[in-house]
Amino acid sequence: MSKSERLIEMMITINAKKDFTVGELANEFSVSKRTFFACQALQYHRDLPFEQETISVLKKFLNCLPLDMQNSITQIQNKVVFWIPDRHCDSPLLKSMFLVAINRHAATIRYSSTYSESTRTIIPIGLYAMNGLWYCPAYCTTANQIRVFRVDRIKEIIEEKPYPKGKYPIPASIQEHLEKTEVKNDYHMKIQLTDIGVKRCESECLLASGLKTFSTGGGIIDMEINRAALEWVADYILPFGNNATVLEPVELIKIMQQKIHELHQHYCKSNGTNNQIAN
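According to numbering that gives the first Met the number 0, the sequence shown is numbered sequentially starting from 0.
Calculated directly from the structure, the hints in this document are not laboratory data.
A portion of the hints provided could be inaccurate.
Cβ pair distances, simulated, as ranges [said to hold, decoys possible]:
1) E223 / Y127: 16 to 24 Å
2) Y266 / E178: 42 to 50 Å
3) G240 / T215: 42 to 50 Å
Quick reminder that beta carbons are idealized off the backbone N, C-alpha and C, glycines included.
Input sequences plus hints: build the corresponding full structure.
Written out as structure tokens, the structure is:
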């Protein structure tokens, strides 16, 4: 069914019903409930990988509803929002990367990571948005494994070309990649948390997947983790202070100790004066 046909069908259906739910509409028109909610959330993204006209279909649909129903929806929109924070990170190559993924091509990119800039060839699986940023999971021919790249950090697409099909282990869709249950088990990680630590970890999807809370208070992160993620975990947990205690692995404890030492050296190094905080 084309977009215009679906729009007309939805108008007829809604006008014939006094009450309906998003789930009922989703089932009737063979789309997911997330599709309806995504239209609302996408308006807060600074960049989109497709033309803005795609989003305007929802506005056309709303304009065709009875006035009382338009008013009801407006009231809901004024009270409930799927807020996406503006990260002030432009992604000028978002649409280009979207087309690379759609065409099933490989791209040689210039990528600026946290600590360095590199040139590498990647085969994008797709794109997804999370917390206001766009991400591109892709098979990296340099690392010989799937890595996740922030699209706003892709500075240049140097070359785009087809790649030999079947040569690389690439999921068929972005959904397959995101729903994949395989977990890299380089290390077993345990982090003991206070109540405050638990609340702070609940908002981070990676750590929340291994979070267990106790009825007596506090909790623990107990999960397998990839070696490449240890540095990120240390950076995330460090500001928790004594609200988080790393129990294992030893490698993560050593990274924490090194970061604490560097922080101490940065703020407490002798500069000829004995700086103290006045009470």
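Against the structure, the hints come out as follows:
1. A C-beta distance of roughly 23 Å is found between E223 and Y127, which places it inside the suggested range of 16 to 24 Å.
2. For the pair Y266 and E178, the supplied restraint of 42 to 50 Å holds, since their beta-carbon distance comes to about 44 Å.
3. In this structure the supplied range 42 to 50 Å is violated for G240 paired with T215, their Cβ-Cβ distance being about 21 Å.
In terms of the numbered hints stated before, the structure departs from hint 3 and from no other.
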